[in-house]
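With the sequences and hints as input, model every part of the structure.
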Amino acid sequence: MNTSNLTASSVLPQLQYSWETAVEKDYGKLFILPEKSIIICELTKQYVPIEEFREIFSLAIPLIEKYQIKKFIFDKQNLRVFHQPSMEWYFIHWKQEVYKKGLSIHRKILPKNQPVFEAAVAAGRAKIQAEYPNTIIHLLDIKYSNSIEEAIES
Amino acid sequence: MSQTDVLEKEIKDLKEQLSSQYSMFEMTVNHLQKLQEELRTSEKLLAKSNKKLLDSIHYSKNILDSFLLKEEYLQAKFPNSFIIHTPKDIIGGDFAWLAQHRKKIFLGLGDCTGHGVPAAMLTIFMISTLNQIFNQNPDLSPANLIIELDKIMKQYTHHQFIKDTAELGILCVDIARRKAIYSGAKRPLVVISNKKLTYYKGARFYPGNPHISTEVPQDYYFKIPNESMLYLFSDGVTDQFGGENHQKFSEKKLLDLFFQIHLQAIDYQKNTLLEVLTNWQGNNSQTDDKLILGIKF
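From first to last, the protein sequence lines stand for chains A and R. Quick note on my numbering: the first sequence kicks off at 166 and runs consecutively. Quick note on my numbering: the second sequence kicks off at 4 and runs consecutively.
Mixed in with the good hints there might be a few duds.
Heads up, simulated EDC-like pairs for lysine to aspartate or glutamate below, C-alpha to C-alpha not over 20 Å straight-line [unchecked claim]:
{"hint": "1", "chain 1": "A", "residue 1": "Lys-235", "chain 2": "A", "residue 2": "Glu-315"}
{"hint": "2", "chain 1": "A", "residue 1": "Lys-210", "chain 2": "R", "residue 2": "Glu-11"}
{"hint": "3", "chain 1": "A", "residue 1": "Lys-292", "chain 2": "R", "residue 2": "Glu-29"}
With beta-carbon atoms standing in for the labels, derived distance ranges [as the list claims (entries may be wrong)]:
{"hint": "4", "chain 1": "R", "residue 1": "Ser-22", "chain 2": "A", "residue 2": "Leu-180", "range": "33 to 41 Å"}
{"hint": "5", "chain 1": "A", "residue 1": "Lys-277", "chain 2": "R", "residue 2": "Glu-247", "range": "41 to 49 Å"}
{"hint": "6", "chain 1": "R", "residue 1": "Lys-18", "chain 2": "A", "residue 2": "Ile-257", "range": "22 to 30 Å"}
{"hint": "7", "chain 1": "R", "residue 1": "Thr-44", "chain 2": "A", "residue 2": "Ile-257", "range": "23 to 31 Å"}
{"hint": "8", "chain 1": "R", "residue 1": "Glu-41", "chain 2": "A", "residue 2": "Gln-261", "range": "25 to 33 Å"}
{"hint": "9", "chain 1": "R", "residue 1": "Thr-44", "chain 2": "A", "residue 2": "Ser-175", "range": "40 to 48 Å"}
{"hint": "10", "chain 1": "A", "residue 1": "Glu-315", "chain 2": "R", "residue 2": "Glu-46", "range": "32 to 40 Å"}
Covered stretches of chain A (chain R as the covering partner; in silico rule of three or more C-beta atoms under 8 Å from a C-beta of chain R) [as the list claims (entries may be wrong)]:
{"hint": "11", "stretch": "201-215"}
{"hint": "12", "stretch": "247-259"}
{"hint": "13", "stretch": "280-294"}
Everything labelled a hint here was simulated from the structure, so no lab data went into it. Note that CB positions come from ideal geometry on N, CA and C, so glycine has one too.
What follows is the structure, given as structure tokens:
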């Protein structure tokens, strides 16, 4: 099966992992793969407002503690617009907080065939790196993946 | 939540999305502009260092040229002769060398490994060393000249683990007596006369590199026949890729061409060779330095 262009909600039922839906909102979902110590955050809309964005990431924190999560998969495949200050908050504050809880592996999946979005992500990343030179980024294992399966296994 | 609240929230979210989209766009444009500026700066720096390098190479060409045998000087000794010399880059590693002792004229063709700056440096070393050997002992035969060159090269290359070498052919001609001696290290001499082509093969000998030499250069003695043409050439000529099937020009094609033109006037031969080789190369890049020496007796 080609799972290279599918979001977590559609692809997880077809993969051989035990998983559960921990949070389900109209703008996003959190899935737990307990045996793999993985949490997946899938944003289900083209744009997620600031409040909701922070809400779902905040909801993830107790789950990370409860399931002793080691890897966070951020499924951004549905996104077409992002709010840079929210991304900065996620990158600087949220990642630091979950790092203290033992989560240091991050995998990200970008939308397919969206070069403008990709350029914006690169621009956002460069902006964060320029403005926040003393982050914990060097302590984290961060990679982009092409699919949910690849993100789980890499 | 009332319907109004829902609608208000939707409008607020849409406004936020639009504002975020605009910010995202602005941030991306700024980032791309910054990248473009960085690229422009790098481009300027590259152009500056490229110019510095090219100026330096062009200047070194003047020095190299002062060591290389010029066609006028060859023609002063052999009136019916030509040199075709086309280095792959501004400077290269193919060279012609000429020396005279009494009635004997020594003509050499060298092809140093590689091309460009390192080959040019080796060329200057080779020519200087050949001159040094020749000046000390002008009675050496071509094969012994090559062997002496090998000995001196080893003194330098042995300690530095340098594997660079040169293919070399040396012809010694006594014009008055029409006698010649030829010796080659990987380079042949072609003599065409009376519809007969004689090919004096170069030994598998690499001056300065004892690890790959399997033969010792030997002297071939021969009388120079009337109405004959002698040719020396570097492998850059035969190794040039081109033609319809993007193949090497090949030694066979070159020998056939020599055979076809050898009775013609020397200028015609030179022009024909240049034309055929240029057409063969076409739009392909030049594979290596090219050198052909031709002498008509």
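Per the coverage rule (Cβ-Cβ under 8 Å, at least three residues), is the stretch 247-259 of chain A covered by chain R?
Three-residue rule met by the stretch 247-259 of chain A, so holds; n is 3.
CB of Glu-315 (chain A) to CB of Glu-46 (chain R), is that within 32 to 40 Å?
holds (37 Å)
Hint check: Lys-292 (chain A) vs Glu-29 (chain R), CA-CA at most 20 Å. Holds or violated?
holds (12 Å)
Within a Cα-Cα threshold of 20 Å, do Lys-210 (chain A) and Glu-11 (chain R) meet the stated pairing?
The given pair, whose Cα atoms are some 18 Å apart, holds under the 20 Å limit.
State, for the Cβ atoms of Lys-277 (chain A) and Glu-247 (chain R), whether the hinted interval 41 to 49 Å holds or is violated.
At 44 Å between Cβs, range holds.
Stated coverage of the stretch 201-215 of chain A by chain R [criterion: 3+ residues, CB within 8 Å]
As far as the stretch 201-215 of chain A goes, the hint holds, because 4 residues have Cβ atoms under 8 Å from chain R.
Counting residues of the stretch 280-294 of chain A whose CB is closer than 8 Å to a CB in chain R, do you get three or more?
holds (count 8)
Does the Cβ-Cβ separation between Thr-44 (chain R) and Ser-175 (chain A) fall within 40 to 48 Å?
holds (46 Å)
Given the hint that Lys-235 (chain A) pairs with Glu-315 (chain A), does the C-alpha gap stay at or below 20 Å?
holds (16 Å)
Do the Cβ positions of Lys-18 (chain R) and Ile-257 (chain A) conform to the proposed distance bound of 22 to 30 Å?
Given a distance of about 26 Å, which is inside 22 to 30 Å, the answer is holds.
Consistency of beta-carbon spacing, Leu-180 (chain A) to Ser-22 (chain R), with hint 33 to 41 Å
holds (38 Å)
Supplied distance hint 23 to 31 Å, evaluated on CB atoms of Thr-44 (chain R) and Ile-257 (chain A):
holds (29 Å)
Hint check: no violations occur; every hint is consistent with the structure.
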